[in-house]
Amino acid sequence: MLDSLMSRRHLLRAGAVSATVSMSGMLGKLAMAAEQSKTKPKRSCILLWMNGGPSTIDLWDLKVGHENGGPYKEVNTTATGLKISEHLPKIAMHGDQLAILRGMTTKEGDHARGTYLMRTGQLPGAAGIQYPSIGSLVSKELGDPKAELPNFLSIAPQRFFAQEAFGPGFLGPVHAPLIVGENQAFNNNTPMNQLDDALKVADLTKPKSVDDASAAVRLDLLREMQEDFAAGRPGQMAKSHAAAYDRAIRLMQSDGAKIFDLTTEKDSIRDKYGRNLFGQGCLLARRLVEKGVPFVEVSLGNWDTHGQNFDQVKGLSGTLDAAWASLMEDLKDRGLLETTTIVWMGEFGRTPKINQGRGRDHYPNAWSTVLAGGGIKGGQAIGKTSADGTTVEERPTTTLDMLATLCMALGIDYEKTNPSNVGRPIRIVDKPCNPIKEVVA
Amino acid sequence: MFACLRLTAVLAALAIPTTVYAGEPAPKADPAEAIAALIDKHISADWAARGIKPATQTDDAEFVRRVYLDMIGRAPKAPESREFIDDTNPNKRAALVDRLLTLPGHAGHFAAVTRAAWLPQTMSNFQLANAGFQFENWLRMRYRDNTPADEVVRRILTVQFTVNAQNPMFRFVQPVGTDPDNATLVGFYQANEARAENLGSSVSRLFVGVRLECAQCHDHPFAKYTREQFWEFAAFFAEMNPLPANSPNLVGPIQPQSDKNRITITNTEKRVVARFFDGSSPDWTAERSPRLELADWLTNPNNTYFSQNAVNRMWAHFFGIGIQDPVDEPGDNNPPSHPLLLEELAKAFVDAKFDNQALIRGITRSQAYQLSSKMTHPSQSDPRRFAKMNLKGLTPAQLFDSMVAATGHREPGFMRQNQFNFNQQPNNPRSVFLNRFASNEKVTEANTTILQALMLMNGQFITDVTSLEKGEVLAAIVDVPGWDTKQRITALFLSTFARNPSPEELEKFTSYVDRGGANNDKKKALADVFWVLLNSPEFLFNH
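Going down the list, the sequences are from chains A and B. The C-terminal residue of the first sequence carries number 1150 in the numbering used here, and the numbering is unbroken. The C-terminal residue of the second sequence carries number 960 in the numbering used here, and the numbering is unbroken.
In short, the hints are calculated from the structure, not lab data. Possibly wrong hints are sitting among the right ones.
[To be verified] For lysine to aspartate or glutamate, the following DMTMM-like pairs were computed, each having C-alpha atoms within a straight-line distance of at most 20 Å:
hint, chain 1, residue 1, chain 2, residue 2
1, A, LYS799, A, ASP1042
2, A, LYS948, B, ASP799
3, B, LYS940, A, ASP920
4, B, LYS925, A, ASP906
5, A, LYS917, A, ASP964
6, B, LYS687, B, GLU645
7, A, LYS948, B, GLU862
8, B, LYS940, A, ASP929
9, B, LYS791, A, ASP937
10, A, LYS1000, A, ASP853
11, B, LYS509, B, ASP477
12, B, LYS791, A, GLU933
13, B, LYS925, A, ASP929
14, A, LYS1041, A, ASP980
15, A, LYS948, B, GLU955
16, B, LYS939, A, ASP920
17, A, LYS967, A, ASP906
18, B, LYS941, A, ASP921
19, A, LYS799, A, GLU1038
20, B, LYS925, A, GLU936
21, B, LYS445, B, ASP768
22, B, LYS939, A, ASP929
23, B, LYS939, B, ASP881
24, B, LYS791, A, GLU936
25, B, LYS941, B, ASP931
26, A, LYS967, A, ASP955
27, B, LYS509, B, GLU450
28, A, LYS1140, A, GLU817
29, B, LYS940, B, GLU886
30, B, LYS939, A, ASP921
31, B, LYS887, A, ASP920
Just so you know, these numbers come straight off a predicted model, no measurement behind them.
Same shape as in the complex, but just chain B:
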């Protein structure tokens, strides 16, 4: 089935040139096809080598729900699922991804998950929350415009600012110039407390894919990084740490960057000069700042640290687990699951000029992404072989937005704005959800807490949306004239699970409702069914 789709796409692509007038350049091959093909090649070779029998391909319902959640951060509404399932276009999966990429929800979801990954401290520290919101807004525009991944990082690293360190407890980063992006991007530095060591470790973790924090205090216990290397990397941000006024004169000739590329290792007298991980150093000049040198080194197409980290993080977004996993702990004791795939995927990403959307389109077309989450053979049990889709927990926003989509809850715009974890507004359901479901867990190991279960069973929001008086979608399904119970049950399933009920489910729930449920009241019995579906793991997880 899958091969069929791919073949159709290829044939379609082949067919195009015949309609092109002679003399015009042939249309470029879609990089997404090449990306999907190389993923399929490496993943299936690994299955074959290990004797793994992959799960079946998703049906349309499982696919549509997954791809909505991954791409725009919420499950599809019933009409959206229905439309996709009924669509007879053989290319509809790729077409759906292309369409979702154009929706504001895509930029919004990717900005939110990127902010949570890059600046998690802004989710839990009140003083930093505003920096986080601003940075997320900037990211949203980057995803909307599909700004290449290298340019995003380059702009973050080269923003102009000054550091006001008069208050030793709270350094304040101030933008230079009138570019509104500067005012926003300083949030990245503010969120890292304007400390060279924090920025060094963040940039290393986020854009190199190497967690260096442990090396801040001592040589890394399990990897090859030394304490000195940590501080050499942090020294690219030495301008964050102002020197005391009476600092001793440096010995030797004045350097091109003066002190802006050197830093003293905490609790020592030792001063180190900025240097890259690979041991190389920039040719320092007076004109080019340490951060500019770092940006150039980092985003150089030949820097495989950067490209591999970027594709690996994107992979982890869609599969819940990176090819390198954890995404920032490379090392001899933690090799990537598919090293060649990681290399070639990174190379394809560079060839595609760091085009995030090409990467997304490629990954979502791959066989591995389109596998069902249902295990059909024990050989699929290792999540790192990608032989079935991993279950993923929902982010609090994904959960609430899916609740809204399923139930028809009407949310005033102001209730969506600038919500954060610790500022709970008791009368704002979104705020309550974001607080109750906040989690730092790995997305494939999401646990449910007692308070979460209690809220989903008994909370005011769930009570309202599953009541016949206040639940918009429920009331509509209950009141549609001319439907029989089976049609109403089917509609409830489509609203919550984006699928039709199985024959057994249809039979069971229909007979429950037709019996009048627990109270001899068919309408109330339908409300019971809706409540059950909304509390089910099939609704609460991405599968």
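Just chain A, with the same shape it has in the complex:
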């Protein structure tokens, strides 16, 4: 199996080289398509994670005319009767793809706890069970353990308050996200080449000081050491070591590195997504999904708008609008939107009442999330909040309800269990959950 994979890759590389000279990449494309059809999982999921608690009352569930409503107007979307913020005009063009869950009601108004809840479906215990993030759960179900690329990519996460909410928990590091674009102070003035570098996989390229011949010998010698050690010590630890090195080497030798190199995209495409970390992150997400990666998340921060909410949300809406709309458009053009489910959420919503600093504070009681694309019956809003936005009046939706719905859209049996770190099997989505069947296509 590995042999055939290797020879195919060699062929592919040879093809790519000759193609650049003669055939406009035709041979390469064909070979790549052949490879994709064999390894690509049926479904993918892209999570757009809104760090800080997005003001959903100013995005998806406006209260125009009410004193809680703020200055924004609504616009029509391509779905009859479905209206969203005027600052999301491009996303409005994909209204037929959106299912807006306006009945979200959760219990955690703290960043760390809310993040953990929304991303795992569980409350953090002081030192209890280590729950996996939804990305780890989904990629375990949909991913191919032997795939060239990792099954879970996390782009530009801000894990400051709740690192565990981004981790694999009891599923173990095999299901941990491969993270790019983290932990540096990016802003709108960050030069593009810095963003480009940040979105690449760390340490993916061999150091320049080591030539190809030495590198090859090193790997051969290392493999012998691995085998010698494992010979007397059967078990998963030594195996995992060898497997991680194999996958890392495969990633280095494959065209994996090229996927992370966004400079190969046309300028017009890069502009369309927005020349910022989130925009380029969404472009990278599209490229990864094209390669069959089952779970990709892209984070957009700065939603913690305690002061001057409306100026900030307008700016963030622009960033979100360009990137997400472009992502939908490109996925649709490639025939991938049908198999790619997009979920948009943050850790909670924000208070309907506007505070003295024109800001909104944390509010988990009534807010919105959005599902879109593959497996989702778009063009509708499910659930309803009161006229002042403070309570849910129709179809209250918990985190578990939402996660179970997402699983259904992805074709995952959310009642399936995984063994946990406490020796007790735990469901992918715990009870009680009541998925919103009417949004599942």
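Fit chain B to the supplied structure of chain A, relying on the hints for placement.
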């Protein structure tokens, strides 16, 4: 061989009284010997009953690397390994453990692993990180002074503080008085978010050895604990949960502890009074606080929950797996692997006045601890029979400190300070390692990730320490005048694996280097060998 060592030790001990002047009290028997003997007795009886053929005893090299990693959190440097291997003292293993116990690295390593086990939330939540650092500093002094295990817990449980709950999102614990320990120990409560239910579950898990969390919301599905028992235990910390100002007057006479020992079960109207697991209650008085009552009950020498939990956690530190495992999930469906051993070990620990070092010295002298990790017979495959040493993953700090020891990397002091997972400093190799290798996994089931492999192969740190220009140890080994290639290869093996190469390894690597490696450059070929050894599982695991 092992029995021989033990016999020698016993003979040596027997010989001592003849040199003691009459009239002086005879020296006390070393409790470590008794502990090692009872471990050997129970473990080997179990092997015999199951027809298990244990692995061979470690050679000195395997032992020295293991005991350095377990005791001081890093692998030995080449001279340290060499010195131990060449030492002809028949008692050298016990002597090495005794010496390691006196090193600052021992207190530092044990404080770090204890903090990670007791307050894992401080490793991943930025708001709690400082509480974790402070608590770790306090633990370091306790391990340095070998403070008895019961006293450590008693001091944690009886620290004086007040709780400021004005901000419902973040309760703030403030120490009372000027004792600097108070200011540090409140970190334990702060890290548990100053919530009675969090403290109840933490204290139960850490010091009783019973995970009660599930019973917070419903009766425990697989064990005998009920929801009410959970809240009764949490009620010992009821003072953390301030009552609303307009709380209804309680019916009946005023109780000695007023409301400080009672709590309302969340989402119910039901109020329960603090009670121990065994169903008993303290004789409440006005003078003795609920936490003091809990500390007394918990650390009472007759409380086998406490002593068994303490020895079991220490056992798990050295073997990777507890006698009771998971260490906090006892129950009919999860019995201990060696129940009698657990009982007697706990009793010996109580008899030794909760002396952690006596326990460590005993465990490390046992035959089971000194077995090789290499499997020689299929009957050794069950890790819970301790018939070979289990492979253990390294903590991120163990890995980096071992890297430093092997490569001679010079690390400025400030780069070691207060590192935590999510605050990655790109130019600080330790910070990068701690982030990349952070894991919640069981130590015997540690997995390697792609990003870890990439960093170990291609990262800036590994590139520097395996370069002839920047790698201190490598450059020294390459440049020593008068050595032949075999000596240089041997030195690389000692630096990384704490052992000499096997004849086959020596032959293979020497011939690779003498051929000039891939570039007809012997020095570069030695760098290749160093890189290979540092990336090998033998370096990256504790075995």
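- Given pair status - B/ASP799, A/LYS948, alpha carbons within 20 Å: Since the Cα atoms of A/LYS948 and B/ASP799 sit roughly 17 Å apart, the hinted pair holds (cutoff 20 Å).
- Message: Does B/GLU862 sit within 20 Å of A/LYS948, going by the straight-line distance between their CA atoms?
- Response: With a Cα-Cα distance of about 11 Å, the restraint between A/LYS948 and B/GLU862 holds, given a limit of 20 Å.
- Between A/LYS948 and B/GLU955, does the CA-CA distance stay at or below 20 Å? Given pair A/LYS948, B/GLU955 holds - Cα atoms ~13 Å apart, limit 20 Å.
- Message: Check the hint pairing B/LYS925 with A/ASP929 against an upper bound of 20 Å on the C-alpha distance.
- Response: holds, 12 Å
- Query: Going straight from one Cα to the other, do A/LYS1140 and A/GLU817 come out at no more than 20 Å?
  - Reply: holds, 18 Å
- Message: B/LYS925 and A/ASP906 were given as a pair; does the straight-line alpha-carbon distance stay at or below 20 Å?
- Response: Roughly 40 Å between the alpha carbons, so the hint for B/LYS925 and A/ASP906 is violated.
- Keeping to a limit of 20 Å between CA atoms, is the pair of B/LYS925 and A/GLU936 held or broken? Measuring from Cα to Cα gives roughly 15 Å; hence the hint holds.
- Task: Compare the distance between the alpha carbons of B/LYS940 and A/ASP920 with 20 Å, and conclude whether the hinted pair is satisfied.
- Result: holds, 14 Å
- Pair hint outcome, B/LYS791 versus A/GLU936 [Cα-Cα no greater than 20 Å]: holds, 13 Å
- Query: Given the proposed pairing of A/LYS917 with A/ASP964, does the C-alpha separation stay at or below 20 Å?
  - Reply: Holds, at roughly 18 Å.
- Message: Just to be careful, I want the Cα atoms of A/LYS799 and A/ASP1042 compared with a cutoff of 20 Å; is the pair within it?
- Response: holds, 16 Å
- Query: Are the Cα atoms of A/LYS967 and A/ASP955 separated by 20 Å or less?
  - Reply: holds, 19 Å
Of the hints listed earlier, the one the structure fails to meet is number 4.
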